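Given chain B, work out where chain G should sit, using these hints.
Protein chains: 2
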Amino acid sequence: MHTLIKKPVAFQGAHYAFSEMAARQFFGNEIDSLPCRTFEEVFETVVQDIAEFGVLPIENSLTGSIHRNYDLLIDYDVKIVAETVLRIAQNLITNPGVSLSDINTIYSHPQALEQCRRFISSMEGVEAVATYDTAGSVKMIRDEKIMDAAAVASRWAAEDYGMQILKEEIEDYPHNFTRFIVIGSKEKVLGSADKTSIVFSMKSIPGALFKCLSVFALRDIDLLKIESRPMRGKPFSYIFYLSFAASMQEQSSINAIRHLEEITDFVKILGSYPSGQLDL
Amino acid sequence: MHTLIKKPVAFQGAHYAFSEMAARQFFGNEIDSLPCRTFEEVFETVVQDIAEFGVLPIENSLTGSIHRNYDLLIDYDVKIVAETVLRIAQNLITNPGVSLSDINTIYSHPQALEQCRRFISSMEGVEAVATYDTAGSVKMIRDEKIMDAAAVASRWAAEDYGMQILKEEIEDYPHNFTRFIVIGSKEKVLGSADKTSIVFSMKSIPGALFKCLSVFALRDIDLLKIESRPMRGKPFSYIFYLSFAASMQEQSSINAIRHLEEITDFVKILGSYPSGQLDL
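Chains B and G are the protein sequences, given in the same order. Quick note, the first sequence lines up with residues 10 to 289 if you use our numbering. Quick note, the second sequence lines up with residues 10 to 289 if you use our numbering.
Restraint ranges, calculated between C-beta atoms of paired labels, are given here:
(1) Val56(B) to Lys277(G): 42 to 48 Å
(2) Tyr141(B) to Met257(G): 47 to 53 Å
(3) Asn38(B) to Asn264(G): 55 to 61 Å
Straight-line alpha carbon distances no greater than 25 Å define the calculated PhoX-like cross-link-like pairs of lysine-lysine that follow:
(4) Lys195(B) to Lys277(B)
(5) Lys212(B) to Lys234(G)
(6) Lys243(G) to Lys234(B)
(7) Lys234(B) to Lys234(G)
(8) Lys15(G) to Lys197(G)
(9) Lys234(B) to Lys277(G)
(10) Lys277(B) to Lys234(G)
(11) Lys220(B) to Lys212(G)
(12) Lys220(B) to Lys234(B)
(13) Lys220(B) to Lys234(G)
(14) Lys243(B) to Lys234(G)
(15) Lys234(B) to Lys197(B)
(16) Lys154(G) to Lys176(G)
(17) Lys220(G) to Lys212(B)
(18) Lys220(G) to Lys220(B)
(19) Lys212(B) to Lys234(B)
(20) Lys15(B) to Lys195(B)
(21) Lys234(B) to Lys220(G)
(22) Lys212(G) to Lys234(B)
(23) Lys220(G) to Lys243(G)
(24) Lys212(G) to Lys277(G)
It is worth saying that the hints were derived from the structure and are not from the lab. Values in this document were obtained by computation on a predicted structure and should not be read as measured data. Ideal Cβ positions, reconstructed from N, Cα and C, are used throughout, including at glycine.
Looking at chain B on its own, in the form it has when it is part of the complex (with noise of 0.2 Å):
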């Protein structure tokens, strides 16, 4: 399926940024990424059709959603037409013979660094020192053949510049998972759609979401996900992110969505897709 792509996949961030990873783990390695330098690039070379698709993180199990990409998804033409969950693991990496008791330094991405807190001040008297990126930082203790440093980074990238991932998962909390969606235009299709996501707005009235979520339980409709926000700029109006375990192909989905219609201000869907792997 994922062989016919002939224009990149965009994603945000540097090469061997997680968004990068998730795009190769859900169409392969062999397509061509575009890295972007704003989320609001990734829409833009999708919508220019300069990208066939673009990834874009979504949801943390550690830091929740990414409000921004749900914004962008109002805004842009684009639908969601994929979702992809990757786990975000760091690793210490090394030059191939440099053994734990010889690191004095740890480079990494303040970030990286700080999602490995415990395990680098386990380590007495080693240092760690930030950078400006992970996999840079790979590179560096490898170009420069650093015998007494590691560096914090994905598996990725040490398998990419050939060096020695010396621990796996280092990080505090290993059940850290992203959920990444993959966009594209109105008329791609990557596989058979169980599962539709929506945004919506309303005023907070009391029981007005209970009217809202009856349109799907009065139909047998499960819900996967509700998440409300406050809407900017409008005291007691909200946005809701929801998504359900039916495509628009349904009728039940296209009754519901007629009859949410009725009793909200609005209502974008942003796209019915496969759904991936369900536990984030």
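Relative to chain B, chain G alone:
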């Protein structure tokens, strides 16, 4: 009210972290603050009565709910006693007398540099250099009297170090707010409660959430937040965060929670407290 605090207020991070700013915004500048390395440490210092209160980020307007702190609220025997919302703003800070055209280098934590990506890339020929923390960068350019560089940090760091704010609010997305909760032991009260936060879990069966919300709707209790999250290791089980506009001192709240307990696997009341600023 806040002047009776005898013990320190705990927060996660180094001095000048946004969590410390939130603590000072809420309790005033005269408090002793206690920096902790992890969120757990904040809970521990409160439980062990080393700290009088703890201040923890729970939700950000761009990046969502901090699930880790919800998990710890379930694990620890503390309650939410207050909340405060802080604007997360970054500033371009220099030694007094430095002007924009003097700057060749900008120092800060990579996360702060990334938040200000557009501004920094608009300054031609200027190099962004990653450091371990934002306030530390201000201190460095001050101590070393560097006149051709700037740091990116909070207003508070600039003022405390007697430095010049050359440009305010240079972040790409100005609508960046974090909601912080104040935690304390069960006896602590900080003002008149009008909001209650709870966590509950249930098996995903069609209409189950609809039934849960009915316990509030049937009693005309207004919801302020609802968020679902898959339970790790338990497929098809969900945990819900819910806040409503009433205190557990009210009979209707007591009735609603008793009703909710009939139809869920687990309910924990995280606290009733005075609501802070409503819009995140």
